[in-house]
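Protein sequence lines, in the order shown, are assigned to chains A and B. Taken in order, the first sequence gives residues 1 to 477; the numbers are from UniProt numbering. Taken in order, the second sequence gives residues 1 to 477; the numbers are from UniProt numbering.
Warning: the hint list may mix true and false statements.
Listed next, the in silico DSS-like pairs over lysine-lysine satisfying Cα-Cα at most 30 Å (straight line) [unchecked claim]: (1) A:Lys25 <-> A:Lys383; (2) A:Lys134 <-> B:Lys134; (3) A:Lys331 <-> B:Lys436.
A short list of chain B residues far from chain A (calculated; beta carbon distances all over 10 Å) [what the hints assert, rightly or not]: (4) Gly37; (5) Ala142; (6) Glu189; (7) Thr300; (8) Pro344; (9) His377; (10) Ala384; (11) Lys452; (12) His468.
Calculated from the structure, these hints are not laboratory results. Please read all numbers here as calculations on a predicted model, not as lab measurements. Cβ coordinates follow ideal geometry from the N, Cα and C atoms, glycine included.
There are 2 protein chains.
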Amino acid sequence: MTLYQKLAKRLREHIQHDFYKQGDKLPSVRQLAQEHGVSISTVQEAYRQLEQDQLVEAKPKSGYFVCQRKKDNLPSVSRPPQRPLEVSQWEEVLNMLMNRGSTKGLQLQHAMPDMTSSTLKPLLKTLADLSKHKPELGLSYADIRGSEELRNQLCRLTVASGCQLHPDDLVITSGCQEALSVCIRAVSEPGDIVAIESPSFYGSMQAIKAANLKAMEIPTHPETGISLEALELALDQWPIKAIFVTPTCNNPMGYTMPEDRKEQLYKLAQSYDIAIIEDDVYGDISFQFPRPKTIKSFDTDGRVLLCSSFSKSVAPGLRVGWIAPGRYRDKVTHIKYVSSSMCPVFPQLAIAKFIRQGGYRKHIRQMRQNYEQQRDHLLQVIKAHFPSDTRVSFPDGSFILWVELNPSIDSIKLVERCRKVGVDFAPGPLFSATGKFRNGFRLNYSEQTMEKRENAIKTLAKIIREFHPETIAQKSL
Amino acid sequence: MTLYQKLAKRLREHIQHDFYKQGDKLPSVRQLAQEHGVSISTVQEAYRQLEQDQLVEAKPKSGYFVCQRKKDNLPSVSRPPQRPLEVSQWEEVLNMLMNRGSTKGLQLQHAMPDMTSSTLKPLLKTLADLSKHKPELGLSYADIRGSEELRNQLCRLTVASGCQLHPDDLVITSGCQEALSVCIRAVSEPGDIVAIESPSFYGSMQAIKAANLKAMEIPTHPETGISLEALELALDQWPIKAIFVTPTCNNPMGYTMPEDRKEQLYKLAQSYDIAIIEDDVYGDISFQFPRPKTIKSFDTDGRVLLCSSFSKSVAPGLRVGWIAPGRYRDKVTHIKYVSSSMCPVFPQLAIAKFIRQGGYRKHIRQMRQNYEQQRDHLLQVIKAHFPSDTRVSFPDGSFILWVELNPSIDSIKLVERCRKVGVDFAPGPLFSATGKFRNGFRLNYSEQTMEKRENAIKTLAKIIREFHPETIAQKSL
Ligand SMILES: Cc1ncc(COP(=O)(O)O)c(C=O)c1O
Ligand SMILES: Cc1ncc(COP(=O)(O)O)c(C=O)c1O
Chain A
1 MTLYQKLAKR
11 LREHIQHDFY
21 KQGDKLPSVR
31 QLAQEHGVSI
41 STVQEAYRQL
51 EQDQLVEAKP
61 KSGYFVCQRK
71 KDNLPSVSRP
81 PQRPLEVSQW
91 EEVLNMLMNR
101 GSTKGLQLQH
111 AMPDMTSSTL
121 KPLLKTLADL
131 SKHKPELGLS
141 YADIRGSEEL
151 RNQLCRLTVA
161 SGCQLHPDDL
171 VITSGCQEAL
181 SVCIRAVSEP
191 GDIVAIESPS
201 FYGSMQAIKA
211 ANLKAMEIPT
221 HPETGISLEA
231 LELALDQWPI
241 KAIFVTPTCN
251 NPMGYTMPED
261 RKEQLYKLAQ
271 SYDIAIIEDD
281 VYGDISFQFP
291 RPKTIKSFDT
301 DGRVLLCSSF
311 SKSVAPGLRV
321 GWIAPGRYRD
331 KVTHIKYVSS
341 SMCPVFPQLA
351 IAKFIRQGGY
361 RKHIRQMRQN
371 YEQQRDHLLQ
381 VIKAHFPSDT
391 RVSFPDGSFI
401 LWVELNPSID
411 SIKLVERCRK
421 VGVDFAPGPL
431 FSATGKFRNG
441 FRLNYSEQTM
451 EKRENAIKTL
461 AKIIREFHPE
471 TIAQKSL
Chain B
1 MTLYQKLAKR
11 LREHIQHDFY
21 KQGDKLPSVR
31 QLAQEHGVSI
41 STVQEAYRQL
51 EQDQLVEAKP
61 KSGYFVCQRK
71 KDNLPSVSRP
81 PQRPLEVSQW
91 EEVLNMLMNR
101 GSTKGLQLQH
111 AMPDMTSSTL
121 KPLLKTLADL
131 SKHKPELGLS
141 YADIRGSEEL
151 RNQLCRLTVA
161 SGCQLHPDDL
171 VITSGCQEAL
181 SVCIRAVSEP
191 GDIVAIESPS
201 FYGSMQAIKA
211 ANLKAMEIPT
221 HPETGISLEA
231 LELALDQWPI
241 KAIFVTPTCN
251 NPMGYTMPED
261 RKEQLYKLAQ
271 SYDIAIIEDD
281 VYGDISFQFP
291 RPKTIKSFDT
301 DGRVLLCSSF
311 SKSVAPGLRV
321 GWIAPGRYRD
331 KVTHIKYVSS
341 SMCPVFPQLA
351 IAKFIRQGGY
361 RKHIRQMRQN
371 YEQQRDHLLQ
381 VIKAHFPSDT
391 RVSFPDGSFI
401 LWVELNPSID
411 SIKLVERCRK
421 VGVDFAPGPL
431 FSATGKFRNG
441 FRLNYSEQTM
451 EKRENAIKTL
461 AKIIREFHPE
471 TIAQKSL
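With the sequences and hints as input, model every part of the structure.
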């Protein structure tokens with residue numbers, strides 16, 4: 001890293017951690033040069049870099065200022081039909097899942113984290129050591145609630161999101177998917193209705209389908225999440241059994257519900273006496289510091305079932321997830337046992353040690369930094385190459401982002417076309433119970449190499465332009 | 001091993017593999033001495049050993065003969081109530097599961113295989129190598145149907161049970177428990193009735209409960225399995241949706257349904273147009289060679305969902321199971337994805353290699369031999385120490401055995417008492433939908449050390465005698 005890059009990195013971190021806030025004036029070039037013992041031209045180079053990344057802007061004769069984050073092209077608030085519906089879209093989901101691992105080019109499709117960071121090394125070492133030196137530990141049946149050592153560490157970890165949990169309040173699962181599936185079954189009977197965000201993660205919707213439930217999609221705002229007003233209307237009108245939300249670094253929209261709205265959501269559930277299933281799988285890689293509180297942190301009567309895993313913060317292949325099931329613990333334990341008995345112990349022990357020895361904290365700190373830069377870069381290249389009527393979400397955590405194209409473009413057709421050239425993404429209809437969001441799609445930005453991403457996005461942009469009504473109109477002239 | 005022990009082992013193997021059949025006259029002492037180049041007294045010592053093990057008997061003036069296997073004290077045919085019932089017993093099951101790993105003495109309770117054999121070494125080495133040299137392989141999302149390499153090997157493996165499968169016909173699961181749970185959900189709707197053996201494995205019954213189904217327990221014979229006659233009556237009378245059976249090395253009874261009865265069961269399912277879920281988790285450690293055919297091997301129209309895992313043949317901690325779902329493949333894939341997404345890949349790859357390189361065949365050959373000897377030993381010590389009115393199953397595979405005590409003895413009370421002295425077993429009511437078999441229990445005999453088992457059984461016998469009506473009558477005199 002050259003001097004100017006180092007300085008730019010430093011300034012970027014200060015801005016990202018709100019040391020300099022939006023609209024703030026930044027130190028003058030001279031001041032910085034003195035402070036850091038570098039030349040004037042080095043500082044100028046650093047500022048030019050940040051300008052290019054749209055983090056700072058130069059105002060003539062006044063110096064450099066932190067940019068207002070541009071959120072003006074956000075996706076629209078969703079308007080799903082206001083009645084409970086059967087979930088469809090399984091074939092589309094399966095089609096995408098079967099495509100796992102087959103992409104030759106850049107992986108923009110799956111919600112797969114970056115797993116190349118050297119901060120993962122201690123974890124990998126522990127895994128190798130366990131396999132080598134204590135193989136017998138991995139052979140036996142073990143506690144169906146999961147390793148006590150891991151549950152202990154989880155209690156420590158979740159303090160950061162405002163929770164006070166006891167190891168007995170936790171059940172380890174095979175990833176967050178099992179956690180969601182178990183919780184959905186634990187709070188409902190076949191035929192019941194569950195309220196969800198719109199768009200929503202397809203894995204939870206398919207779990208609703210498999211449990212013979214109906215989904216009630218609630219209008220959702222791209223910055224503040226599920227509309228509490230619309231939710232309350234729905235609760236008045238329908239016998240909804242549970243609310244299912246991903247309020248922190250939402251998949252696919254990337255928003256984090258403001259804390260007061262989380263609390264209001266909890267109060268609403270309380271007044272209608274229903275359960276909340278809270279999916280916090282991206283919570284630890286929020287760009288906010290300290291990380292946002294969970295709805296669970298407001299829970300005084302055990303109605304929140306908090307679900308998470310290390311699939312997004314560490315690696316999905318480990319399949320280590322967990323539930324803090326509150327008052328539903330006994331039912332959750334039953335369904336978890338029935339679903340898959342116990343979970344393999346090595347990954348659990350390795351993660352427990354990773355947390356205990358501080359490796360996890362270090363790793364997610366690194367990941368948060370990387371992902372935030374990668375988000376900025378992706379936003380920038382999208383802005384540079386996609387048609388100007390494109391709307392894009394502004395994720396404040398995780399590594400996925402939602403794009404809304406001109407309403408006439410069909411993302412299912414688009415994805416078929418793109419696959420042929422080795423570019424992939426997750427088409428919008430997967431995130432709806434009934435195949436809406438046809439002009440939307442989700443992109444992954446966990447890839448570190450800017451060049452790779454830029455090339456993939458340029459290819460994608462070219463194909464989008466082919467589908468764009470303006471191009472079509474021009475052609476037909 | 002001394003000379004006479006070696007010879008005894010040899011003869012035992014010949015008997016066990018039906019080279020000498022029940023009632024056959026064995027070679028004379030002189031003949032054997034000549035044939036093996038050992039002394040007369042060595043042969044005599046070997047025969048004495050086999051006599052003690054009740055494998056051979058001396059007839060005055062005629063020489064040695066293979067014993068009739070004594071199956072006269074078999075448990076009775078079960079007589080469950082002939083109507084569909086809700087499954088209860090979860091608290092009792094949980095109580096036992098929570099007890100996993102806490103036994104200080106001999107583990108007689110859980111259906112845990114012996115994992116100390118050196119034949120497992122190649123597998124452990126592969127696991128350690130994968131963790132060390134290809135850690136990245138274990139991190140990513142992967143095929144939700146499981147590793148193709150493992151599915152390939154499974155196709156080869158299942159030829160031994162009469163199946164012809166294609167890798168696309170298989171779905172890998174998190175143990176056999178997930179396989180059963182997924183299949184039960186795939187073939188039924190909430191409220192449906194499933195016919196099961198009585199007694200039955202508690203894990204499958206609890207899965208029936210969790211899927212909101214009712215269980216119809218069918219009378220079951222300790223040697224031939226589920227009564228086809230009673231099953232047909234039940235099928236006539238109730239709208240049964242599926243039959244759930246463990247026809248090979250049944251848990252807890254140990255019987256293997258004769259092949260013709262397996263075929264009849266399949267035909268019955270065909271004529272009532274319903275599904276069969278076949279749990280074959282112990283099939284590969286049957287003492288018969290070649291191993292018994294599965295019901296799946298008779299399946300011409302895809303109505304059999306075959307479930308298994310490597311939990312009993314290799315090690316449960318690996319959590320590698322699988323389904324051959326026949327015509328239910330799409331539904332099974334959906335429910336499997338929803339339940340836990342993909343399975344960890346290292347254990348799958350390690351098992352695939354273990355099979356490919358012949359280690360698996362070698363391992364189960366060893367295990368079958370050990371378990372058969374250990375069964376004989378357990379039967380012998382039970383006979384020597386338990387009250388004479390005890391009935392015992394005669395497992396022809398696996399490492400578990402069913403005991404029926406005097407009807408006045410309550411195995412739930414017995415287990416509480418025994419736990420205090422560090423001896424444990426699985427009480428009978430766990431194996432019934434509604435808490436029957438109070439005077440029954442299941443014992444594990446996977447432990448290799450004869451002395452340990454003998455001591456544990458003696459302790460158990462002493463406590464059983466305390467509970468026995470004769471002792472109580474004597475005391476009250
Ligand atoms: C919101 C959300 N919840 C749950 C999951 C499933 O996580 P896991 O891989 O731990 O099962 C995902 C993965 O894509 C997700 O995005
Ligand atoms: C008959 C039967 N089926 C299934 C299972 C569950 O096997 P797994 O540990 O592979 O989930 C067991 C385990 O005890 C069993 O005895």
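Hint-by-hint comparison with the structure:
1. A:Lys25 <-> A:Lys383: Satisfied, since the Cα-Cα distance of roughly 25 Å is no more than 30 Å.
2. A:Lys134 <-> B:Lys134: holds (19 Å)
3. A:Lys331 <-> B:Lys436: Given pair lysine 331 (chain A), lysine 436 (chain B) holds - Cα atoms ~23 Å apart, limit 30 Å.
4. Gly37: Holds, because the least Cβ-Cβ distance between glycine 37 (chain B) and chain A comes to about 41 Å, which exceeds 10 Å.
5. Ala142: violated (6 Å)
6. Glu189: Incorrect as stated: the minimum Cβ-Cβ distance to chain A is 7 Å, not above 10 Å.
7. Thr300: holds (27 Å)
8. Pro344: The claim breaks: proline 344 (chain B) does not keep its Cβ more than 10 Å from every Cβ of chain A (closest is about 5 Å).
9. His377: Non-interface label stands for histidine 377 (chain B): nearest chain A Cβ at 23 Å, farther than 10 Å.
10. Ala384: holds (30 Å)
11. Lys452: The claim stands: lysine 452 (chain B) keeps its Cβ more than 10 Å from every Cβ of chain A (closest is about 17 Å).
12. His468: holds (32 Å)
Of the hints listed earlier, those the structure fails to meet are numbers 5, 6, 8, in rising order.
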